[in-house]
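Number of protein chains: 4
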Amino acid sequence: MAKVGVMFVGLTGATASTVVGGSLKMASRCAPVQFGTTSRPAFASLGLVGPEEMSFGGWDFKKLSVGEAVRRHGILPPEVWEGVEDQLDIPPAAGVRTELDIPAESEDENYVCPTSFGSAVETVLEEIRAFRIGRQVSQVIVFYLGSPHKRGRRPLSSYTIGEIEALSEEDFLREVPSGLIYAIGAVRAGAHFIDFTPSETLECEAIDSLAEENHVQVAGRDGSTGQTMLKVTIAEMLRIRNLRLKSWYSTNILGNHDGYVLGLEGHDEIKLRDKSDVLGAVLGYHDFEHLVKIDFFQARGDRKECWDVVDCEGWLGQPVSLRLNWIGGDSLLAAPMILDLIRLIEYGGRKRFVGLQPQLGLFFKRPLATRSSRNLHRSRPESASAA
Amino acid sequence: MAKVGVMFVGLTGATASTVVGGSLKMASRCAPVQFGTTSRPAFASLGLVGPEEMSFGGWDFKKLSVGEAVRRHGILPPEVWEGVEDQLDIPPAAGVRTELDIPAESEDENYVCPTSFGSAVETVLEEIRAFRIGRQVSQVIVFYLGSPHKRGRRPLSSYTIGEIEALSEEDFLREVPSGLIYAIGAVRAGAHFIDFTPSETLECEAIDSLAEENHVQVAGRDGSTGQTMLKVTIAEMLRIRNLRLKSWYSTNILGNHDGYVLGLEGHDEIKLRDKSDVLGAVLGYHDFEHLVKIDFFQARGDRKECWDVVDCEGWLGQPVSLRLNWIGGDSLLAAPMILDLIRLIEYGGRKRFVGLQPQLGLFFKRPLATRSSRNLHRSRPESASAA
Amino acid sequence: MAKVGVMFVGLTGATASTVVGGSLKMASRCAPVQFGTTSRPAFASLGLVGPEEMSFGGWDFKKLSVGEAVRRHGILPPEVWEGVEDQLDIPPAAGVRTELDIPAESEDENYVCPTSFGSAVETVLEEIRAFRIGRQVSQVIVFYLGSPHKRGRRPLSSYTIGEIEALSEEDFLREVPSGLIYAIGAVRAGAHFIDFTPSETLECEAIDSLAEENHVQVAGRDGSTGQTMLKVTIAEMLRIRNLRLKSWYSTNILGNHDGYVLGLEGHDEIKLRDKSDVLGAVLGYHDFEHLVKIDFFQARGDRKECWDVVDCEGWLGQPVSLRLNWIGGDSLLAAPMILDLIRLIEYGGRKRFVGLQPQLGLFFKRPLATRSSRNLHRSRPESASAA
Amino acid sequence: MAKVGVMFVGLTGATASTVVGGSLKMASRCAPVQFGTTSRPAFASLGLVGPEEMSFGGWDFKKLSVGEAVRRHGILPPEVWEGVEDQLDIPPAAGVRTELDIPAESEDENYVCPTSFGSAVETVLEEIRAFRIGRQVSQVIVFYLGSPHKRGRRPLSSYTIGEIEALSEEDFLREVPSGLIYAIGAVRAGAHFIDFTPSETLECEAIDSLAEENHVQVAGRDGSTGQTMLKVTIAEMLRIRNLRLKSWYSTNILGNHDGYVLGLEGHDEIKLRDKSDVLGAVLGYHDFEHLVKIDFFQARGDRKECWDVVDCEGWLGQPVSLRLNWIGGDSLLAAPMILDLIRLIEYGGRKRFVGLQPQLGLFFKRPLATRSSRNLHRSRPESASAA
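Listed in order, the protein sequences are those of chains A, B, C and D. Take 1 as the starting number for the first sequence in the numbering used here and just add one per residue. Take 1001 as the starting number for the second sequence in the numbering used here and just add one per residue. Take 2001 as the starting number for the third sequence in the numbering used here and just add one per residue. Take 3001 as the starting number for the fourth sequence in the numbering used here and just add one per residue.
A portion of the hints provided could be inaccurate.
Said to hold, decoys possible - Here are the simulated BS3-like pairs of lysine-lysine, each with C-alpha atoms no more than 30 Å apart in a straight line: (1) D:K3351 <-> B:K1293; (2) D:K3351 <-> D:K3293; (3) D:K3293 <-> B:K1246; (4) B:K1293 <-> B:K1150; (5) B:K1246 <-> C:K2293; (6) A:K150 <-> C:K2293.
Said to hold, decoys possible - Pairwise CB distance ranges (calculated): (7) A:D108 <-> B:Q1359: 53 to 61 Å; (8) A:P358 <-> C:C2113: 52 to 60 Å; (9) D:D3277 <-> C:Y2260: 44 to 52 Å; (10) C:E2109 <-> A:E105: 45 to 53 Å; (11) D:P3103 <-> B:A1281: 54 to 62 Å; (12) A:D108 <-> C:Y2260: 35 to 43 Å; (13) D:D3277 <-> B:F1043: 38 to 46 Å; (14) D:D3089 <-> A:S45: 56 to 64 Å; (15) B:F1043 <-> A:P91: 34 to 42 Å; (16) D:K3246 <-> B:K1351: 31 to 39 Å; (17) C:R2029 <-> B:V1033: 40 to 48 Å; (18) B:E1085 <-> C:Y2260: 37 to 45 Å; (19) C:Y2260 <-> B:F1043: 51 to 59 Å.
As the list claims (entries may be wrong) - Pulled from the structure, derived: some chain C residues nowhere near chain A, Cβ distances all over 10 Å: (20) G2047; (21) E2053; (22) T2123; (23) D2295; (24) V2309.
Source of the hints: derived by calculation from the structure; they are not laboratory data. Using N, Cα and C, we set each Cβ at its ideal position, and we do this for glycine too.
Okay, chain A solo, but in the shape it has when bound (with noise of 0.2 Å):
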C-alpha cells in the first residue's frame, strides 16, 4: 500500500525531528506506537495511517540531516533513536526566504532568496511533486513549522493573490512570509497545506478556494500544544460555573530555537495576539486583562514552564483564584498531535474532504473557522485523480 508523504517547513528543527525520529523508532516496532487524540477508542474504526505509512521530508535553511539534528536537539534520548540512524539520514531541501524571516544564522547554507513569488511558488511546486513520484506516495502534506516570521506594512489579508504575483522583487521579499509560498505552491501540486505555527499565512483567503479546486485541505493556526490548551479548558470551566474573568496572566519560560525567535524584535506579534485572543472566545465576554508573556530562559531548553495566575469573581462578587504551573517538553507535546493531524488529513482526502478543515480546530490556539459556507467538506467529484 501506498505511504502518506509529509513534508516539514523546518525539517532540522526540534519540532519535525523529534516527529520524525519517533515515528521512525516505532514503524521499527521497537517502542510502542502511540499517537495523541487519536489513539482514544472513538478513532479505532475509522483506520487511520500507522507510523510505518509515512514517509517524511522537507526543506531547511540548515544542511543537517534529520538524524544528526535528533543527536543535536537532544530531545529525544539515545534509545530512541538508536538503531534508526540510517532511516534518519534524510537531508532538506534548501529552504526558501524572505525579509520577513528572522535573519539568516551562522550555520543557515541552504536557502534561496527568490525574486519573485511566481518563481519560489513553482521551484516548491517542483519540489512536491518529485517527492511524490520518488516515494511513490499516495498523498502528500505539508506541515509548516517554520519560525515566526514578522508582520510586512500591509495586513497580507489585504493582498489577492494577483496582487502578490505583480508585486516588485524588492516588495515582495518585504511583504509576504516564505509560509505562504509554500502554501501555495502545496496546494498547487495537490498536497495538503498545514500551518502548525503563528504565521499569518492562512490569513490569505484566496487559499481556501485554491484548495478547493485543488481537492486537497488546509488547516491550522499555530499548535495549541501546552498553556493555551489548558487555558481553555479552564476558561469554559470558568464559563459553565458562572466565574466571571477579571484577569489572567501568563508567562513562559523556554529556552530552545523557537523560545529565541520569539524574543526576537517583532516575531512574537503574532503568536501573542493568538495566545491573548483565545480566552474571550471561549467566555463570550472581554471585559478582563489579560496579559502573556514569552521570555527566552537558555536554561531550560526545550522544556517549558508555564505560570499563569488567574483572578474571577463569583457569587455577589466573591474573589476565586487560580494558579497554574505546567511543565512539559514543547516538541514532545507537539509531536502527538503533528501524528495526529497527519493520520486525520490523511483520512479526509481518503474521505475527499476539501478546502479549508474547521472541525480540526481542537489542534489549533487560533482555528481558522469556515470562511464562507460553502468550502466546508464539499466533496471532489470522485472522477477526479488522486491529489
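Assemble the complex: chain A is given as a structure, and chains B, C and D must be docked to it using the hints.
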C-alpha cells in the same frame, strides 16, 4: 404565584445561611440577581424561578436565627445582610440526631434523639407538611447540608427500608445516618430531596422508587464546588490529549465547621472516597496513584485553599507535570450551585420529572446515575395532585 | 522637643502618602504604633523617634493634598485615614523635572523645568530651609521616591559636580536626573538624603564628600521590599548549603503607578540591573542564568505578586528546585522600612554620623558600600551648628 | 595516616548507602570531591578529612551489601557506582530491634531482639571495638539513620540509665528505642554518636556526661535537609522585617522507606513535633497556627516535594503571603550534610572537643543546645588515651 419552599438540614450552617442571606438580598432588589450555571443564556427560556419566588426554612441543632448565623460566620459582608435582617429572623426547627452524627457541641441545644426510625420520619414529615401549608408554597425541596457523618457497621445499601424500620432503638441509632430520616420524611411528604454532602443516605436505593411513587425528585451527592470540579476538568483534558496520569496528589486546607468535622476520626471517610473515585471515572483507567487530603486549618475560615500536583506521561514516556493552586470561599462557591439546583428541581417539578435525576450530575462529586432504566424522567400522571 | 522633618520627593505617590497617612494615624494614638525592623527589641534602648515626633512635607508634580492622594490610591482603608483628614491636608511644593523623568501626565500641573542645575538646586535648597524654619524641626530628611527615570547619554558617575554645573540648559535637561538636584539641594541645606528608588543619583560620588562637609547622612538605593528581600534570603541559604545556582527566573506583576512607569521604554533599565546584580553578590559566582521581569498588570493595583523559579545543582549534580510565590502590598511593605530609615537617620544625626551610611544596606536592593575608607561614621566636630 | 571510621545504623537504607556510594566514587578520584557547607572557603584552612580518609561500615536489619542497596534504591545513577562495586561489597552487622521499632518487614532477616539493655549495649560496643581494630581507624563515628520509632509509655527523658538497665526484658523492649542502645554502646566504646533522625534517644541527658567522661562528642537531632531548612530561613526573614506570622501550613510528599515508616501510626509523632517547634524558636512568639503534614506518596520515590503556604500580617495589619514549592532528592540532600558532620566531628576529635556539640545545630531540625554550662567544648586532659 405560589413560591417554592426550601428547607435546609443545617439551616444555620455556613452554606445554608449564606444562600438564604444572599437570596433575600437579591430578592429585595438591592443586589444584582446572580446564579451559577443557570445564569447562562441557554437557561433563559426555561422560566426558572427567581430569588423572590423562594421561601426558606429548615432544621438545625443550634438555636440561632439565620440572621444571627450570617453575622457569626462572617462570610457575607454586612452590606449584603443589612436591610434584610427582619426577613433573616428565621428560627430553625429541632434537628434529628443519631450516633453517627458528630458529638453534640456546646451550643447544640435544639435537637431530638429519636427512639425509632418510624417516629423520627413521622416528625420530619409533619414539619414539612406544616411548612408547606404555613408558607403556602407550591413545592418543597429538602436540601441536606448536615455535617459529614460516620459509617455504621453495615453498609446502608445492604438494608431494606423494612429492615431499618425493624431495628431496635439501640441499633437504629448506631446504624442509620440522620440524613436517611430526612430523605424518607421528605419523600413521603411529597417533597424533593437533594443531598449536597458526602453522606451514605442516597445509597439506600429504596429512596428511588419511593420518590417515584410519591412523584418527587431526588439528586446527589456532595456538591462539586472547587477542587473536584477543577480535577474533573483537567482530567478530561488529559484524556483527550492522551497524557497518561501517573500520580495525583491533592491537599485541601479549610477552617470552617465542615473542615473541623472532616478532621474528626471517621467523618472524612465517605468524602475522601468520593473525591478519590472521581478520576478513574473520567480517565477510564485506574493504574495511577491518587491521594486526597483535607486538613483543618482554622486560620483559613471558610476560604478553602487547595494544592494539587499532577504527573503524567506523554508521548514516548515524556514527563508532563501540572501544579494547581485554587483559592475560593467554600460556602460562596456552593451557594449559586444550590440556587441552580433549587431552580432546576422546581422546573422539574412543574415538568413532572420524578425519581433520581442523573442529569444534575454536573453539580456533584459523586453523581448518582440511573440505578435502573425505568426511573428516569418517568412522568407522573397528569391527574396527580401537586406534591 | 523638636520634631524631625521629613520631605518626600513624590509626596502624593502611593508610598509617601501611605507613610504619612499611617504615621499620622499612629501619632493620634488611634492605631498601634508599628515600624519594621526597628520594632525589634534590639532597638528598644536607642530612643528612636515615634510617629508623633515626625513632621511631613515635600514635592510633587500633582497638586493633590496628601489626604486626597490617600483616598485616591485606596491602599489605606478608610478607618486608617478617617479622623486625621485635617492633618493630611498637606499641599506639595512644585516638583523639579528634567527630560529624563517620565513625560508629564494629564494631572501634572505642579512642576518647574529649570534652566540650569545651579538655579534648580538653589530653589530646592530654599524650600528645605523654609520647611525647617516653618516647622521648627531639629533635622530634615529628604526622601527620594520619584518615578524611575531614564539614563542620559553619559553615565552620571562620569561627571563631576563642576561639569554638571557647567552644562548648557539643553544638555543639563538631557543628562541630569532630577534626583541629583534634590540630593545636592538637600545636602547643601544641611538635610540628610535617602534614595529609595532605582535612580542613578547616588552614583555621583561627589555627594559623599559634600555630605561629610555638610555633616549630613546619605543612604540608598532602591528599597528592598519584597522579591529582592526574599531572593537575598534564599540565595544566602543556597550558599551556606552549597547548592549551586544554575538558573533563576523572576516575574513581577503590579498595577500601581510604579508598575506603569517601569513599563515605559527605558524606565526599567536601572531597576532591572539592580535586581539582577543582587544574586552574584550574595553567591560569590556569576555563571548562572538570571532573568527578572516586571509586568504592568492593572488589575493588581498596589498588590504586587511575584513568581520565582530557582534551579540548583546539589551533591553529585542532583537537581534541587524551588518555586516561590509572594503577594504583598508594595507601598505597605515599603512604609515601615521608610519609617525605620527615618528613625535610624534621626538617631545617626544625634550621634553625629556623616556621609554615606553603608550599615543601612539591609534596606536596599543595591546597597552603597563605603566608597573610601574615610567617609564612614566620621563624627562632625562638636562645635558644629546643628544641621 | 589512619582513617576515620563511620558506622551507620541503617547501613543499607537510602541515605547511608547514598553517602557510602558517593564517597567511594569521590575517593576513587573519578568524580569531583564535593561536600555541603564544609566546601565553603571558610573551612579550607581546617584540614578536614577527604573521602579517601573515611572507612564505612554499620548495622542493618536487611542482609544486603551496600552495593546491592545502592542498586536497588536507584538514587545514585549507574555512572556513580560503576567502577567501585568491589568497595561497596560491605555487609551490615545484625541490627538491634525493640518493640518501638517498626514491625519486621519481609526482608528483615538480620537482626537480634535483645533480652536486656546491658547485654544489647555490650554487643554493640564489641562490634565498634572490632571495627576500630579491624579497620585501624583513629576515631569512630556512629551515625544513627534508623527509621523513626514510636514513643514508649513514659518519656525517655524521665529515665536514668540505672533505671533503664534495671528494666525487665518485657518493659525494656516496650520502653527503650534501639537508638539508645547504639548511643550508649558507642559512647562507652569511645565512639562519637550523631543522631540524624527524629528519635527520642538524645533526650536521655545521661548521654551528655557519659560522652564527656569517655572523651567523645554527641550531636543531633534530625537532619534539617529540606523543608525545615527553608522554613528557618524564611522565618528569620519575617522576624527581621517584622512581618508577623499568622499561619503556616506545610505538606510533604515522599515515597521512600522513610515516607512509608512516617505513614505508620505513631511513627511520625516525634518528627512532626520537631518540625512544628522550629518556628516559634526562631520567631520568639507562638501565637500562630502551624500544621505540618507528611504524606507517603509512592510515585515520588526519594524525590521529596514540599508545599508551604505562609500568611503574615505586616504594617497596619496588611496581609502578606508566601507560597513555597521545594523539590529535591531526600537522600541526596542529606548525604553532603552527613559528610560535613563526619568532617567536623573528626576535626573536633583532633581538637579534643567532648560532650554535646551545640555549634553543629545548623544541621538539625531540633538542635540540642547545651544542657548545662559545663559540658561545652571542655577539653579532655592531654594525657587521655585516644578514644
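Quick rundown of the hints versus the structure:
1. Using a Cα cut-off of 30 Å, the hinted pair D:K3351 and B:K1293 is violated, with the two alpha carbons roughly 50 Å apart.
2. At roughly 41 Å between alpha-carbon atoms, D:K3351 and D:K3293 are farther apart than 30 Å, so this suggested pair is violated.
3. Pair hint D:K3293 plus B:K1246 holds up; C-alpha atoms about 22 Å apart against a cutoff of 30 Å.
4. For the suggested pair B:K1293 and B:K1150, the alpha carbons sit about 17 Å apart, so the restraint of at most 30 Å is met.
5. With a CA separation close to 34 Å, the supplied pair B:K1246 and C:K2293 exceeds the 30 Å bound.
6. Taking the CA atoms of A:K150 and C:K2293, the gap is about 23 Å. The hint holds against a cut of 30 Å.
7. A C-beta distance of roughly 59 Å is found between A:D108 and B:Q1359, which places it inside the suggested range of 53 to 61 Å.
8. Taken as a hint, the range 52 to 60 Å holds for the pair A:P358 and C:C2113, whose Cβ atoms sit roughly 58 Å apart.
9. In this structure, D:D3277 and C:Y2260 meet the distance hint of 44 to 52 Å, their C-beta atoms being roughly 45 Å apart.
10. Taken as a hint, the range 45 to 53 Å holds for the pair C:E2109 and A:E105, whose Cβ atoms sit roughly 52 Å apart.
11. For the pair D:P3103 and B:A1281, the beta carbons lie near 36 Å from each other, so the given range of 54 to 62 Å is not met.
12. Between A:D108 and C:Y2260, the C-beta spacing of about 40 Å keeps the proposed range 35 to 43 Å intact.
13. Range check, D:D3277 to B:F1043: about 54 Å between beta-carbon atoms, so the 38 to 46 Å window is missed.
14. Distance hint check for D:D3089 and A:S45: the Cβ-Cβ separation is about 58 Å, which falls inside the suggested range of 56 to 64 Å.
15. With their beta carbons about 60 Å apart, B:F1043 and A:P91 fall outside the hinted range of 34 to 42 Å.
16. The given range of 31 to 39 Å is broken by D:K3246 and B:K1351, whose C-beta atoms sit roughly 51 Å from each other.
17. Between C:R2029 and B:V1033 the Cβ separation comes to about 46 Å, which falls inside the hinted range of 40 to 48 Å.
18. Restraint check, B:E1085 to C:Y2260: a C-beta distance of roughly 43 Å satisfies the suggested window 37 to 45 Å.
19. At about 41 Å, the beta-carbon gap between C:Y2260 and B:F1043 misses the expected band of 51 to 59 Å.
20. Once the 10 Å rule is applied to beta carbons, C:G2047 is consistent with being away from chain A; the minimum gap is 44 Å.
21. Non-interface call for C:E2053 relative to chain A: holds, since the shortest CB-CB distance, roughly 40 Å, exceeds 10 Å.
22. Look at C:T2123: its CB is around 41 Å from the nearest CB on chain A, clear of 10 Å, so calling it non-interface holds up.
23. For C:D2295, the shortest C-beta to C-beta distance to chain A comes to about 6 Å, within the 10 Å cut-off, and the non-interface label is violated.
24. Residue-level check failed: C:V2309 sits 7 Å from the nearest beta carbon of chain A, not beyond 10 Å.
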